[in-house]
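J.: In full-length UniProt numbering, the protein residues as written are 1 to 218.
No false leads were mixed into what you were given.
Using 25 Å as the maximum straight-line C-alpha spacing, the simulated PhoX-like pairs for lysine-lysine come out as follows: (1) K140 with K211; (2) K140 with K204; (3) K151 with K140.
Here are the computed distance ranges between Cβ atoms for each label pair: (4) P56 with L90: 38 to 44 Å; (5) I61 with I197: 31 to 37 Å; (6) I45 with S109: 21 to 27 Å; (7) A180 with H120: 21 to 27 Å; (8) L165 with Q92: 19 to 25 Å; (9) L148 with F125: 29 to 35 Å; (10) Q212 with Q23: 19 to 25 Å; (11) I103 with G17: 41 to 47 Å; (12) I103 with K151: 27 to 33 Å; (13) A208 with F52: 47 to 53 Å; (14) I168 with L90: 24 to 30 Å.
Derived by calculation from the structure, the hints in this document are not laboratory data. These numbers were taken from a predicted model, which means no experiment stands behind them. Note that beta-carbon positions come from the ideal geometry of N, C-alpha and C, so glycine has one too.
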Amino acid sequence: MTTQTLSTPTVYQGQFGEFIITQSDRIGVIVYRGGLMVAALSFAIASALVLFNNQPINYQILTLLYACFTLALGVSLFTIHIYMVMLHRLLQVFWAIGTITSIALALSSPEPLAINVYNHPLTLFGIGFTFVALTGIYFKEAFCFNRLETKFLTFIVPLLLLGHLVGILPIQWEQVILGAWASLFLVFALRKTVQAIPADIGDKSVFAYLKQQSAAKV
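Put together the whole structure using the sequences plus the hints.
T.: Pasting the structure below:
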């Protein structure tokens, strides 16, 4: 009797009906959060190497860290739960554009990727789409969970990228903003590890309703 009770899944009441959270749902959230953690750690380590390392920078390591960041971000973008399907797909497209551009730049330029992007701000019109996708995650988390760090991140990421693109930020300010970005990204990823898993799954009845509506239109 006790075993049967323990194995009975919790039934949640959603906006459009009842739903349960499966093991697959939970694994998806864990993968999403794991991707965020890897991305945050890769970004923080790369930022620390740029900001605090007094020795000559090994740009191959920076490129490798960026590759880890991009791959992990892609994993998170494909496992995140967003009610608006078009927005979800748009963020994935942005990530794909940024990733393809970064690969093209890394393979075609004799300069290391980081130096190429820094010295040629116009490359942000391609590789910057990766960070647009990342900012989309920050915005979603700020909107859904009212997270203070993601509110700041939603603002400072475009501030740094656009500021560098048009050349209005002194290098000291760019360094400060980059350090704040890396720190807040880590705080965000760490806080996600202790958040209740159902919160990241959301109301599955909404997903089911939207899927039914889409199928009916077809």
